[in-house]
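Now for the letters of each chain:
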Amino acid sequence: MPRVAFTGNLKRHVDARTARAEGASVGAVLESLFAANPRLRSYVVDDQGRLRKHVNVYVNDARAELDTPVGADDEIFVFQALSGG
Amino acid sequence: MSKRILVATRKGLFDVRRSASGWRIARTAFLGDILSQAMRDPRDGALYVAQSLGHFGVKLQRSTDDGKSWKEIAAPAFPKTDAKDGPSVEYLFSIETGGPDRPGTLWCGTVSGGLFRSADRGESWTLNEALWNEPSRKEWGGGGFNVDKPGIDTILVDPRDSDRMVVGISTGGVWQTKDGGRSWRVTSKGLYAEYMPPARRNDPYMQDVHRIARCAAHPDKLWLQHHNGVFRSTDGGETWKEVKSIKPSKFGFAVAAHPKDADTAWFVPGVKDECRIPVDAKMVVARTTDGAKSFKVLTKGLPQKHAYDLVLRHGLDVDETGKCLAMGSSTGNLWVTENGGNAWTLVAGNLPPIASVRFA
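As they're listed, the protein sequences go chains A and B. Just so it is clear: in the first sequence, position 42 is 42 by our numbering, and no numbers are missing. Just so it is clear: in the second sequence, position 339 is 339 by our numbering, and no numbers are missing.
Among the hints, erroneous ones may be present.
To be verified - 35 Å max Cα-Cα, derived DSBU-like pairs, lysine-lysine:
# : chain 1 : residue 1 : chain 2 : residue 2
1 : B       : K272      : A       : K53
2 : B       : K149      : A       : K11
3 : B       : K84       : A       : K11
4 : A       : K11       : B       : K68
No lab work stands behind these hints, which were simulated from the structure alone.
Throw the hints in and build the complete structure from the sequences for me.
In C-alpha cells:
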C-alpha cells in the first residue's frame, strides 16, 4: 500500500499522522484516509474535492495531482507553502 | 454595561474582560491562526470562532465551557457540483444567531457569496439555495482585502420576527427575506456606486455594502456604510437616503447603531477608497445623535498624530446600553469607550490586525 506523509504544519490542526492506505491514484489513497479520518478532508481538499490552492502533493520526488497513479511502494507527500507576515 | 469583548484577529483570539482596574486581555486562543469572527451565543452561552487557515481552508470552532476548550465543528461548504469551477467557501465573513425563538439556529455569510444556515449549533450547514440561485448573482462582484469574490458581510435578523432578515453583500447590494430565506428581494434603492459607468450607477446589484447596523429597539431604522458614503433607512431597509452630513469623510467600513436611540450611530471614516487611512492621520469616530442632521467628531483618547488605523467592517461594536463601544483596527489597536465615545481608552496597542470585535 502507498504510504502518505503530511506536513507538520497540518498536524497542528488535525490528526495527520503518516499512514498507509489503499488506492491506485493519489486521490483514491487520500479518499481511503478521509474515510477513516473525516476531519482531515477539508484541510486537504476544498468544497468541490479539488486540492486546496496552496496544498501541494508529491509522489516520491515528483509533483503530482489527484489523478496521478500510484503503486504499492510509492510515497505520497502532502505539504503546503507558508507565507505571510 | 458589558464586561467582555471577543476580539478576532489575524493571529488569534483575545478574550478581553472588564475588571475593577479596567479592561485587560484575560485569555488567548488559536494564537497564530487567522480568525475572521468570534461570537458568544446569548441563548446558550456557546462561543464560536471562525478560522481562515489560508492553506487549509475555513474552519469553525465551538466552545461550550466559555472558552476553556474548543471543538472543531462543521464549517459551511458548498454542495458538490459537476462544474469544473464549482464554488468553495473562501472566508467566513459574518456569523449571527437565528433569533431568540430559534435555539440552535445560526446564519453564516461567506466569501464566495453563499449564505448558510445551521439548525443544530453548527454541527451541519445548508446553503441557502434561494439567494445563491438568484439570477443577478452573476453580476455581484468583489475585490480587495479577503474579498476577491462577493462577500456577505451583514446578516440582521429582525428582533420582531426571526423569519425576516436583512443581508448586506459586498458587492451585491441589500437583500431581504420575510419568509426565513425561502425568497429574497433586493432593496438597494437610493444607494449609488460612483465607480460604475453612469448607466449602472444605481444598479441595485452593484452596490458595495460595507456594513449595515440596525437599532434594536426600532428595527426599521438602519444605518449603512457603503463604499461611496453613509446611508440611512427609516422604512426597514426598503429605501436608503444618503447622509451627507458625515465628517470628516464619507468613506469607511464600520458602523454601530445605538440599541435604543434610533437617532444615534457611530462611524469610523477614512480618507477614501484608494487611501484607506484616517483623514490627516488623526484617528476619529464620527457620531450623530440627531438622526444624521449633524455629526460630532470624537477624538479624546484617540491618537491625533501619525495614526494610520483602519477599522474594518466588524471592527466596531456597541453594547446593550449604548454607552460602551469597542473598536479594533487593522493596525492592532483596541479601544473602548464607556461614555458613548466621548472618551476612548486604549486597551491594547500591539495586537495583530483586528477583524472583529464583539461584546459577549
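Hint check:
1. At most 35 Å may separate the alpha-carbon atoms for a hinted pair to count; B:K272 and A:K53 meet this at roughly 32 Å.
2. Among the hinted pairs, B:K149 with A:K11 is consistent with the structure: their alpha-carbon atoms are about 30 Å apart, no more than 35 Å.
3. For a cut-off of 35 Å, the pair hint linking B:K84 to A:K11 stands: about 30 Å separates their Cα positions.
4. Between A:K11 and B:K68 the alpha-carbon distance is near 21 Å, which keeps this suggested pair within the 35 Å criterion.
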